[in-house]
Amino acid sequence: MNKKKLIPLAALGAAIAALAVVLILLNRTQSEEEETGIPLCTLDSASVTAIRYTDAAGDEPAEVALSKTDAGWVLDSDPELPVDQTKAETIASNLTGLTALRELGENADVDAMGFETPSYTFELTAGDETWNLTVGDKNPMTDTWYVRTAGDGPVFTVELADISGISKTPRQLYSAQSITDLAVDDVTVMTVSTGSGELSFEQKDGTWTLADDPDYTLDQSTVKKMANTICNLTTQWTVTSPGADELYGLDAPNAVVTLVGTAGSVQCSFGGLTDADDTVCYLRSSGAPNVVYEVSAENLSAFAYDKTSLAGATPETAASEDVVAEYPVGGADDFADAQ
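What the sequence shown shows, in my numbering, is residues 402 to 740, in sequence order.
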């Protein structure tokens, strides 16, 4: 091959290699800029001891204040309410790690960006330091929020998702509570009292029997489901300073269930439905007698049985179709009517 022809090819190869290096460096620089953005907060999330925010943009307007105590994060308006510590820490982490896409210039029309009636406001406190963020309107063209950290400071743009998911209502911050630590296999005695009367069960070696009629054949899966319902029961809310029992239907409970096991006991009284949601009912537990819980009303269906409807198949009828009586489950009122 002619050497004169090899020289241009070699030069072309070198140029392509150099261009590839430049592209790699440009892509790396752009990636780093996208990852870092413009930091908006100088506080460290671990040092944050107070969080305040208002949310006027969500479906449920909220004004929330959280403080970090020796026992963890608490809601200032209701210090006894169980707060999900991970969610509270995440709020602090998201705010301290917040970055802007860009800073707008001095010619930005600040008066038209919604800062007079903010969508959100955030405040973090760490020792003697306080950091604030005001979030104005959305820019629908760029899918960003207008934000500023001081009343007369520069305006930045932040991605919608980076702001919209930060604030939580008290119910969203709630930490669900387990009613008992008892495991269903450790339960030895269960008593269920409803409008149909009272049934007492005993469990031995995994088999349930009626205390007053041990030879009666029970539907084992249904009885076990009763015990399992209490053992796995979790709360949706806690009324930390409840009023009189009649306010929650606990003066005449729809069902009272008592479990006794090798590791202790628990009694649960199911009250009426909540005014706000007819799929939720009130409950009082002997494990926390000074509060009233809100739980799913569906739990009541596990106890909508009497002795006859709990009858299990005998050996002679095992091959026939099983018939299990089902009570309508539409809430506490329907449950009571079915008794």
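Simulated from the structure, these hints should not be mistaken for lab results.
Please note: incorrect hints may appear among the correct ones.
[To be verified] 30 Å max Cα-Cα, derived DSSO-like pairs, lysine-lysine: (1) Lys605 <-> Lys708; (2) Lys539 <-> Lys605; (3) Lys488 <-> Lys469; (4) Lys708 <-> Lys626; (5) Lys626 <-> Lys605.
[Said to hold, decoys possible] Estimated spans, in silico, between C-beta atoms of each pair: (6) Pro462 <-> Val661: 21 to 29 Å; (7) Asp652 <-> Ser710: 23 to 31 Å; (8) Asn495 <-> Thr518: 40 to 48 Å; (9) Arg503 <-> Glu464: 29 to 37 Å; (10) Ser601 <-> Pro462: 44 to 52 Å; (11) Ala664 <-> Tyr617: 39 to 47 Å; (12) Ala562 <-> Glu464: 17 to 25 Å; (13) Gly644 <-> Thr680: 17 to 25 Å; (14) Asp652 <-> Pro462: 32 to 40 Å; (15) Ala653 <-> Ala677: 19 to 27 Å; (16) Ser687 <-> Ser576: 52 to 60 Å.
Remember, predicted model here, so these are calculated numbers, not experimental data.
For every residue, glycine included, the Cβ atom is placed at its ideal position computed from N, Cα and C.
Against the structure, the hints:
For the proposed pair Lys605 and Lys708, the alpha carbon gap of about 19 Å is at most 30 Å, so the pair holds. Simply put, Lys539 and Lys605 have alpha-carbon atoms about 63 Å apart, too far for the 30 Å limit, and the pair is violated. Between Lys488 and Lys469 the CA atoms are separated by roughly 13 Å; this keeps the pair inside 30 Å, and the hint holds. As the CA atoms of Lys708 and Lys626 are separated by approximately 15 Å, the hinted pair is consistent with the 30 Å bound.
For the hint linking Lys626 to Lys605, the alpha-carbon distance of about 16 Å falls within 30 Å, and the restraint holds. One distance hint, 21 to 29 Å for the beta-carbon pair Pro462 and Val661, is violated here, with the actual separation near 46 Å. In this structure, Asp652 and Ser710 meet the distance hint of 23 to 31 Å, their C-beta atoms being roughly 27 Å apart. About 23 Å separates the C-beta atoms of Asn495 and Thr518, a value inconsistent with the hinted range of 40 to 48 Å.
Taking 29 to 37 Å as the suggested C-beta distance range, the pair Arg503 and Glu464 conforms, at roughly 30 Å. Taking 44 to 52 Å as the suggested C-beta distance range, the pair Ser601 and Pro462 conforms, at roughly 50 Å. For the pair Ala664 and Tyr617, the supplied restraint of 39 to 47 Å is violated, since their beta-carbon distance comes to about 28 Å. A C-beta distance of roughly 22 Å is found between Ala562 and Glu464, which places it inside the suggested range of 17 to 25 Å.
Take Gly644 and Thr680: their Cβ atoms lie about 22 Å apart, and the range 17 to 25 Å holds. For the pair Asp652 and Pro462, the beta carbons lie near 34 Å from each other, so the given range of 32 to 40 Å is met. Restraint check, Ala653 to Ala677: a C-beta distance of roughly 21 Å satisfies the suggested window 19 to 27 Å. For Ser687 paired with Ser576, a C-beta distance near 20 Å fails the hint of 52 to 60 Å.
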